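Novice: Numbering (the working numbering), first residue to last: 21 to 344.
These are computed hints drawn from the structure, not numbers from a lab.
Keep in mind it's a predicted model, so treat the numbers as computed, not measured.
For every residue, glycine included, the Cβ atom is placed at its ideal position computed from N, Cα and C.
Keep in mind that the hints are not guaranteed to be accurate.
Have a look at the derived ranges for each label pair, beta carbon to beta carbon [said to hold, decoys possible]:
1) A292 / M57: 16 to 24 Å
2) V48 / R185: 52 to 60 Å
3) E96 / L59: 49 to 57 Å
4) S304 / G171: 24 to 32 Å
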Amino acid sequence: MQVCNASVNRLAPADRRRPGFSIVEIIVTIGIIVLLMALLLPALASVRSQAQMTTSMNNLRQVGTFMQAYTSENREVILPSQFDYSGEQFRYKGRVKASAGLPDGQLHRGTWADILWTENRIGTFPAMEADFGHNYADAVPDRDLYEEIGGWDGNPFRSAVSNSRNWPDAGPDEEAYPYGEGAFESGLPGFFAANNMFDARPGVDLLNAAGETITAPDTGRWVYTGQLRSPERTMYLVDSFRGSIIEPQPEAFDNSIQADGSRTIEVDFRYAGGVALMLMLDGSVRTEQRWTDLCDLECWDSSDCGCSSPTYNNRGILIRRIFE
């Protein structure tokens with residue numbers, strides 16, 4: 021009997037329940053996990069943002085390489101920001117744009133991106149020919165193509181980050197600008213916009229930094245490298261949500277809020293920390309924080325800008341005053 025009782029006593033502890041987690045312990049564990057996620061997510065977002073900006077900078081450097089090749093092959097002519105080869109004097113100028121499937125008024129007209137896309141044979145989309153009338157061999161991808169294929173990151177003439185908003189904000193039926201590259205593209209790959217001081221369209225006048233009219237001849241305005249003051253300081257491309265062109269006017273660079281609460285700025289500070297990228301004419305890429313207005317970038321001795329004012333940084337970037 022004693023042996024049996026001893027055996028029963030030895031087995032009794034095994035029947036007791038094992039202790040589990042208390043409510044407090046569970047809450048503490050969840051809190052630690054949430055805290056770790058809160059610490060990790062911003063770091064991951066920062067890494068992703070930096071990777072996107074690096075990709076965009078590499079795209080701009082690729083554009084710079086294409087531009088230098090164009091200049092070398094065309095007697096030191098700077099790549100035009102816009103062109104119009106529709107006139108009789110340009111009948112044999114080149115293949116851009118595509119010869120079919122384009123709306124009236126767009127044939128043989130386009131931008132710097134169309135020229136580089138065509139000359140470097142970046143790609144084609146044969147499956148699109150039935151819908152659009154051409155396969156994009158001679159025209160850079162536009163809004164229609166992006167909406168048709170859903171997404172594509174093989175275009176070196178766009179940013180790795182989307183346009184932050186539309187321009188002009190007038191609804192989806194707004195006419196494409198310029199020449200088929202619709203600027204109503206919020207959420208689509210961001211534009212790199214060319215300084216339209218390099219507009220080569222015949223008969224299109226420009227205003228220089230002093231407000232003087234630069235009349236374009238009927239044969240177009242071709243800018244040569246020898247005319248430039250400082251290629252390393254001259255802006256050719258900048259992040260923009262407007263389209264492939266940005267006008268060298270104060271309104272397009274004015275980052276202040278107007279009396280009615282609107283903004284006229286066309287530059288897109290789309291990267292973390294409010295940064296925009298610029299491609300200079302020597303092929304270098306600059307990162308620029310938000311500025312006040314055009315005078316903050318390009319300050320000269322005139323009544324247009326109070327260059328002596330401490331509010332202007334005078335970053336030494338040439339946008340309008342690019343000639344000797």
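Novice: E96 and L59, beta-carbon distance inside 49 to 57 Å?
Specialist: holds (54 Å)
Novice: Using the Cβ atoms, figure out if A292 sits within 16 to 24 Å of M57.
Specialist: Given about 20 Å between the Cβ atoms, the range holds.
Novice: Mind checking the hinted window 24 to 32 Å against the Cβ distance between S304 and G171?
Specialist: holds (30 Å)
Novice: Tell me if the beta carbons of V48 and R185 are separated by a distance inside 52 to 60 Å.
Specialist: violated (44 Å)
In this structure, only the earlier hint numbered 2 is contradicted, and the remaining ones agree with it.
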